[in-house]
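Here the sequence shown is numbered in the numbering used here, starting from 1 and rising by one per residue.
There may be inaccurate statements among the hints.
[As the list claims (entries may be wrong)] Just the calculated beta-carbon pair ranges, DEER-fashion:
1) I68 - T9: 28 to 36 Å
2) K38 - H73: 40 to 48 Å
3) S103 - S77: 33 to 41 Å
4) L92 - M115: 27 to 35 Å
5) K38 - L13: 32 to 40 Å
6) K65 - F20: 21 to 29 Å
7) T74 - K113: 38 to 46 Å
8) S12 - T74: 35 to 43 Å
9) H114 - S78: 38 to 46 Å
10) Q10 - W61: 19 to 27 Å
These aren't lab readings, by the way, just hints derived from the structure by calculation.
Predicted model only: the values in this text are computed from it and were never measured.
We treat Cβ as the ideally placed atom computed from N, Cα and C, and that holds for glycine.
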Amino acid sequence: DNALLDFYTQVSLEEGVAFFQQDNARCHTSHSTEAWLKRNGVKVFPHPPASPDLNPIENVWVEFKRRIKSLGHTPTSSEELKQACREAWDSLSVEEIDSYIRSMPNRVKKVVKHMGGPTGY
Numbered sequence: 001d002n003a004l005l006d007f008y009t010q011v012s013l014e015e016g017v018a019f020f021q022q023d024n025a026r027c028h029t030s031h032s033t034e035a036w037l038k039r040n041g042v043k044v045f046p047h048p049p050a051s052p053d054l055n056p057i058e059n060v061w062v063e064f065k066r067r068i069k070s071l072g073h074t075p076t077s078s079e080e081l082k083q084a085c086r087e088a089w090d091s092l093s094v095e096e097i098d099s100y101i102r103s104m105p106n107r108v109k110k111v112v113k114h115m116g117g118p119t120g121y
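Construct all of the structure, not just a fragment, from the sequences and the given hints.
Structure below.
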């Protein structure tokens, strides 16, 4: 609650307007989530239900999850999961994240070329 709302408010003040972008996963479109966004005045960027992921963070999440799975031990408690997440996140370099950002123009071109259909990145 607080982290998102504080960040959204800060960006809105700095930029004059901000939109929150999320995919249409059930947890993101639940009645409680939509009510919270509306109650807090968070403007949501429209996102079609089956659109390709054109947000670099989606590629980072794939790598993040891969690193957690590669630990060789499945976390069995919330504390173990938190620790695994911290380690996985800390192991991601800025250069790796930047490479996903740099890949976006090519991804967008492919999506346009395929008229929003599968591109096989």
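Hint by hint, which ones does this structure get wrong, listed from lowest number up? 5
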